[in-house]
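Order-wise, the sequence lines are chains A and B. Counted from 1, the first sequence has number 453 at position 453 by the UniProt record's numbering; the numbering is strictly sequential. Counted from 1, the second sequence has number 482 at position 482 by the UniProt record's numbering; the numbering is strictly sequential.
Hints are not guaranteed to be accurate.
Copies of the same chain look alike in the list, so a pair counts if it fits in one copy or across any two.
[Claimed, not checked] Simulated crosslink set (EDC-like; lysine to aspartate or glutamate; CA at most 20 Å straight-line): (1) Lys53 with Glu63; (2) Lys523 with Glu222; (3) Lys101 with Glu444; (4) Lys485 with Asp156; (5) Lys485 with Glu158.
Note that these hints are calculated values from the structure, not bench results. Keep in mind that this is a model prediction, so the values were computed, not measured.
Single-letter residue listing:
Number of protein chains: 2
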Amino acid sequence: MEQDLSAAGQRADDAGEETGGRRGRRASGGAAARRAARSGTAAGPQLTYITRKIPLYEVLGEEGLALIEANAEHILQEIGIEFREDEEALDLWEKAGADVKGERVRFPKGLCRQLLETAPSVFTQHARNPARSVQIGGDATVFAPVYGPPFVRGLDGERRYATIEDFRNLVKLAYMAPAMHHSGGTICEPVDVPVNKRHLDMVYSHIRYSDKPFMGSVTAPERAEDSVAMARLVFGDQFVDENCVLINLINANSPMVFDGTMLGAAKVYARANQACIISPFILSGAMSPVTVAGTLAQILAEVMAGAAFTQLCRPGAPVLFGTFAASISMQSGAPTFGTPEPSLVSYGAAQLARRLGLPFRTGGSLCGSKMPDAQAAHESANTLNMTLLAGTNFALHSAGWLEGGLVASFDKFMIDCDQLAMMQAMSQGIDLSENGQAMDAIAEVGPGSHYLGCTHTQKNFQTAFYRSTVADNNSFEQWLAEGGKRVEERANRLCRDWLGAYEAPALDPAIDEALQVFMLRRKDSMPDAFG
Amino acid sequence: MEQDLSAAGQRADDAGEETGGRRGRRASGGAAARRAARSGTAAGPQLTYITRKIPLYEVLGEEGLALIEANAEHILQEIGIEFREDEEALDLWEKAGADVKGERVRFPKGLCRQLLETAPSVFTQHARNPARSVQIGGDATVFAPVYGPPFVRGLDGERRYATIEDFRNLVKLAYMAPAMHHSGGTICEPVDVPVNKRHLDMVYSHIRYSDKPFMGSVTAPERAEDSVAMARLVFGDQFVDENCVLINLINANSPMVFDGTMLGAAKVYARANQACIISPFILSGAMSPVTVAGTLAQILAEVMAGAAFTQLCRPGAPVLFGTFAASISMQSGAPTFGTPEPSLVSYGAAQLARRLGLPFRTGGSLCGSKMPDAQAAHESANTLNMTLLAGTNFALHSAGWLEGGLVASFDKFMIDCDQLAMMQAMSQGIDLSENGQAMDAIAEVGPGSHYLGCTHTQKNFQTAFYRSTVADNNSFEQWLAEGGKRVEERANRLCRDWLGAYEAPALDPAIDEALQVFMLRRKDSMPDAFG
Numbered sequence: 001m002e003q004d005l006s007a008a009g010q011r012a013d014d015a016g017e018e019t020g021g022r023r024g025r026r027a028s029g030g031a032a033a034r035r036a037a038r039s040g041t042a043a044g045p046q047l048t049y050i051t052r053k054i055p056l057y058e059v060l061g062e063e064g065l066a067l068i069e070a071n072a073e074h075i076l077q078e079i080g081i082e083f084r085e086d087e088e089a090l091d092l093w094e095k096a097g098a099d100v101k102g103e104r105v106r107f108p109k110g111l112c113r114q115l116l117e118t119a120p121s122v123f124t125q126h127a128r129n130p131a132r133s134v135q136i137g138g139d140a141t142v143f144a145p146v147y148g149p150p151f152v153r154g155l156d157g158e159r160r161y162a163t164i165e166d167f168r169n170l171v172k173l174a175y176m177a178p179a180m181h182h183s184g185g186t187i188c189e190p191v192d193v194p195v196n197k198r199h200l201d202m203v204y205s206h207i208r209y210s211d212k213p214f215m216g217s218v219t220a221p222e223r224a225e226d227s228v229a230m231a232r233l234v235f236g237d238q239f240v241d242e243n244c245v246l247i248n249l250i251n252a253n254s255p256m257v258f259d260g261t262m263l264g265a266a267k268v269y270a271r272a273n274q275a276c277i278i279s280p281f282i283l284s285g286a287m288s289p290v291t292v293a294g295t296l297a298q299i300l301a302e303v304m305a306g307a308a309f310t311q312l313c314r315p316g317a318p319v320l321f322g323t324f325a326a327s328i329s330m331q332s333g334a335p336t337f338g339t340p341e342p343s344l345v346s347y348g349a350a351q352l353a354r355r356l357g358l359p360f361r362t363g364g365s366l367c368g369s370k371m372p373d374a375q376a377a378h379e380s381a382n383t384l385n386m387t388l389l390a391g392t393n394f395a396l397h398s399a400g401w402l403e404g405g406l407v408a409s410f411d412k413f414m415i416d417c418d419q420l421a422m423m424q425a426m427s428q429g430i431d432l433s434e435n436g437q438a439m440d441a442i443a444e445v446g447p448g449s450h451y452l453g454c455t456h457t458q459k460n461f462q463t464a465f466y467r468s469t470v471a472d473n474n475s476f477e478q479w480l481a482e483g484g485k486r487v488e489e490r491a492n493r494l495c496r497d498w499l500g501a502y503e504a505p506a507l508d509p510a511i512d513e514a515l516q517v518f519m520l521r522r523k524d525s526m527p528d529a530f531g
Numbered sequence: 001m002e003q004d005l006s007a008a009g010q011r012a013d014d015a016g017e018e019t020g021g022r023r024g025r026r027a028s029g030g031a032a033a034r035r036a037a038r039s040g041t042a043a044g045p046q047l048t049y050i051t052r053k054i055p056l057y058e059v060l061g062e063e064g065l066a067l068i069e070a071n072a073e074h075i076l077q078e079i080g081i082e083f084r085e086d087e088e089a090l091d092l093w094e095k096a097g098a099d100v101k102g103e104r105v106r107f108p109k110g111l112c113r114q115l116l117e118t119a120p121s122v123f124t125q126h127a128r129n130p131a132r133s134v135q136i137g138g139d140a141t142v143f144a145p146v147y148g149p150p151f152v153r154g155l156d157g158e159r160r161y162a163t164i165e166d167f168r169n170l171v172k173l174a175y176m177a178p179a180m181h182h183s184g185g186t187i188c189e190p191v192d193v194p195v196n197k198r199h200l201d202m203v204y205s206h207i208r209y210s211d212k213p214f215m216g217s218v219t220a221p222e223r224a225e226d227s228v229a230m231a232r233l234v235f236g237d238q239f240v241d242e243n244c245v246l247i248n249l250i251n252a253n254s255p256m257v258f259d260g261t262m263l264g265a266a267k268v269y270a271r272a273n274q275a276c277i278i279s280p281f282i283l284s285g286a287m288s289p290v291t292v293a294g295t296l297a298q299i300l301a302e303v304m305a306g307a308a309f310t311q312l313c314r315p316g317a318p319v320l321f322g323t324f325a326a327s328i329s330m331q332s333g334a335p336t337f338g339t340p341e342p343s344l345v346s347y348g349a350a351q352l353a354r355r356l357g358l359p360f361r362t363g364g365s366l367c368g369s370k371m372p373d374a375q376a377a378h379e380s381a382n383t384l385n386m387t388l389l390a391g392t393n394f395a396l397h398s399a400g401w402l403e404g405g406l407v408a409s410f411d412k413f414m415i416d417c418d419q420l421a422m423m424q425a426m427s428q429g430i431d432l433s434e435n436g437q438a439m440d441a442i443a444e445v446g447p448g449s450h451y452l453g454c455t456h457t458q459k460n461f462q463t464a465f466y467r468s469t470v471a472d473n474n475s476f477e478q479w480l481a482e483g484g485k486r487v488e489e490r491a492n493r494l495c496r497d498w499l500g501a502y503e504a505p506a507l508d509p510a511i512d513e514a515l516q517v518f519m520l521r522r523k524d525s526m527p528d529a530f531g
């Protein structure tokens with residue numbers, strides 16, 4: 001592996017040093033990597049994905065975990081999971097020894113867990129800039145942006161349908177944000193592009209406007225095929241077959257159903273050795289029981305069945321334990337976020353995932369608010385603190401999520417990115433080195449003095465404290481003199497600055513052309529559809 | 001203890017059943033307690049202090065803790081702590097075996113830790129309504145409101161000096177808020193009352209407008225004496241001598257100084273068997289080193305010296321390990337809150353406090369923002385999540401804190417109280433009972449259906465999820481139809497509703513009269529001073 005060169009790297013090298021590529025791949029400290037690290041000048045240097053140095057927070061003890069695991073096995077054995085609209089999936093399960101009646105599959109005790117033994121607990125998702133490749137699993141946490149909103153809150157505060165221009169701008173911001181480790185997938189729905197063609201523009205935008213890892217389309221098997229084909233044009237056929245370059249969101253239709261669309265996409269990705277996130281989409285009280293322990297048993301059963309299915313398609317294919325957890329208002333049925341119960345679900349699910357040996361996805365910066373106000377921030381912060389402390393490996397929706405995920409907000413994207421960088425600083429824990437202990441400073445300063453000018457402070461002040469990009473900590477008088485702005489107004493200004501300073505990362509013109517040709521051919525083969 | 005009757009209870013009982021008192025004290029399930037529980041009708045039933053059922057989050061391992069403890073002992077031995085403007089304090093230390101040179105006290109290794117063996121690790125702070133008494137220490141967390149702001153953001157959004165009317169209104173809100181377990185102390189500075197007299201009005205307001213436990217004055221020894229005297233009028237002399245009814249904030253003048261004012265107040269309270277919170281007030285980079293480990297060593301040394309001093313005054317007097325942690329902006333010197341470094345300081349300090357066997361105070365809902373916007377909420381939520389997970393026993397500043405503590409905000413008070421109730425729900429962890437497991441629900445509903453109407457949901461939906469008092473989770477269209485309000489506008493409405501619905505808890509008229517007579521006599525003995 002270490003000696004492999006991706007096709008992207010080889011091609012980039014052919015196209016000359018300017019494009020970055022093999023040198024960057026060979027030596028992440030090389031010129032290309034340095035250029036890449038400089039790419040977000042306006043936003044500050046890029047951070048590698050988080051390698052946690054702080055402990056995990058675990059809410060369940062052995063007894064609780066064993067109880068929920070036994071309940072999940074009971075669900076798999078006695079109730080079963082439906083695999084709908086996919087004869088092949090049912091055949092695969094029958095051959096694997098499951099009990100298949102109609103579309104209902106019941107699993108002999110331990111079958112799913114046994115099938116999952118071939119799934120890796122840690123793997124690398126490669127980016128076309130190798131300095132941006134991410135570890136998925138273990139002590140790594142990767143932040144990825146919001147996924148799925150059909151609307152945006154634009155920079156003039158307007159709420160409207162999202163466009164491909166919004167999509168590109170959000171990809172650019174994610175590319176520039178230091179603690180955003182991933183370009184994500186459907187960062188918003190570009191509804192101005194036909195529904196059957198927009199996946200091509202989305203995948204292309206991730207490749208063209210960023211060099212961070214990204215996600216493939218899951219809304220139809222052929223769109224998954226297109227995503228893999230485009231990845232092959234970037235990374236080369238063999239590299240894609242042997243490595244993960246796409247991570248893909250496969251939602252369960254909770255309770256206890258996988259539908260044909262998701263199964264179709266899962267088959268394409270697993271067989272191409274690309275990663276699936278098997279993710280029950282849970283609004284507790286609607287798609288799962290109103291209790292945390294009941295929800296956890298159902299989630300575990302659903303993930304075990306879905307993730308084991310990927311191993312039937314291709315043993316060894318990377319797969320994640322996903323959990324999207326929210327509650328609902330029992331008056332209105334509206335989803336609610338950042339409340340205690342979904343946090344407890346996610347904390348518990350993280351523990352179950354580790355015991356299953358799968359990387360874990362949950363959390364982000366979720367909220368139900370309609371604007372980036374204190375409600376949005378409280379809900380997002382409650383979710384994000386949990387995301388870090390639970391030991392989440394892949395955190396979708398880490399920035400920009402507003403209004404229960406219906407809206408991608410540019411202002412909130414900037415505010416959230418600032419919080420992501422804080423979490424990254426937090427994740428590094430307490431420095432216990434001699435410099436960290438600062439005994440020389442304490443001796444130098446002594447009782448009744450101050451540390452502002454002492455040697456130790458002078459030496460460390462550049463890196464001592466996380467510096468927020470959007471917070472205002474000036475005096476009331478100075479803040480007032482500067483317009484008395486709310487944080488989202490400062491975030492809006494910063495967002496405009498970043499977009500103004502954006503510079504696209506280099507892309508081998510041969511790869512770019514191959515992608516364009518591919519997209520044109522695919523688009524020409526389809527009539528426009530708006531859905 | 002269980003059979004003791006406080007003087008307040010006895011007097012209240014003499015005054016007839018209406019006042020609540022002995023019956024409530026004898027049986028917390030009795031009529032008085034039920035009345036008390038109903039007292040916050042508009043705000044919902046009152047919650048008892050938190051008894052945590054979730055694990056602690058600990059960032060330091062044994063090695064790090066031992067290192068910091070050794071560094072603290074080094075500071076105590078070699079650098080020492082100054083006890084200023086207090087000859088008696090220096091005498092006490094000399095007699096205890098410390099090395100006293102001028103005002104500098106150096107401590108033989110282990111002396112402070114040994115003196116602290118008489119301090120209780122858990123105690124009860126009694127309220128005049130026994131249903132509101134709180135446990136300080138162990139697995140208990142007590143939320144108390146903001147302390148100290150000279151300004152308020154009033155209900156019309158105006159920023160102005162605080163008044164005694166504001167003080168009373170904030171006490172009323174804290175009384176009504178279900179998850180606010182404590183009435184606090186200087187909830188704001190009533191600057192319309194002379195500085196030398198206002199402590200009387202503050203203590204009286206806590207007694208008159210609330211029945212929750214409260215704090216005494218620390219700004220001068222004689223004000224501490226007045227606080228104790230008023231507590232004796234409520235609870236009786238003997239009860240006060242034998243029980244904690246006041247908890248009091250003794251700040252260290254970091255680095256490594258206690259001043260005469262604070263020492264004077266500490267002596268009064270410790271000798272009256274009342275609780276001192278020995279609290280280094282730390283803006284890292286100014287009052288302590290810029291590093292977390294250095295700050296922790298200094299905090300531990302300061303607390304050990306200050307807390308041990310209370311045991312010299314009266315062995316067995318209750319004392320807390322306090323930590324107020326913020327960073328400063330290295331550009332402007334302004335304090336910053338909710339950032340990673342202060343959270344790490346507080347997490348570490350909580351561990352050091354447990355090893356010292358002292359209850360721990362930190363955290364709250366701190367922020368530097370000038371208004372209750374997303375900055376305020378992110379910073380507050382980051383601080384409050386840490387407060388809960390660190391196992392904080394007493395959390396001052398839990399609601400209403402704005403602008404680095406310069407301002408008490410009514411709107412933010414309501415938003416924060418909602419978050420406190422969420423933390424309380426979170427603290428109860430995952431219900432693993434048969435009902436919690438919900439296996440009957442999963443079997444009843446089955447694949448592809450929903451849980452909205454199932455038996456288990458019907459049975460549990462009233463209590464299943466925390467319901468926010470200020471969040472809006474309706475659709476965008478409905479939210480817009482209702483005025484498109486930000487959360488602080490809803491909080492403002494709720495605040496007005498609560499104040500409109502407020503009913504004072506019963507107070508024995510004889511006690512009330514005794515308090516009024518005492519205040520009048522004390523006020524008459526002093527000229528007005530405005531400071």
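Taking 20 Å as the upper bound on the Cα-Cα distance, should Lys485 and Glu158 be classified as within, between, both, or neither? For Lys485 and Glu158, both the intra-copy (19 Å) and inter-copy (16 Å) Cα distances are at most 20 Å.
From the Cα coordinates, with 20 Å as the cut-off, is the pair Lys523 and Glu222 best called within, between, both, or neither? Close inside one copy (12 Å), not across copies (84 Å); limit 20 Å.
Pop the pair Lys53 and Glu63 into one bin, within, between, both or neither, using alpha-carbon distances up to 20 Å. Only across copies: Lys53 and Glu63 sit 15 Å apart there, 27 Å inside one copy, limit 20 Å.
I want to check one pair: Lys101 and Glu444. Are their C-alpha atoms no more than 20 Å apart within a copy, between two copies, both, or neither? For Lys101 and Glu444, only the inter-copy Cα distance (19 Å) is at most 20 Å; the intra-copy one is 77 Å.
Up to 20 Å CA-CA - Asp156 versus Lys485, copy category: Classified as both; 15 Å inside a copy, 18 Å across copies.
The structure meets every hint from the earlier list without exception.
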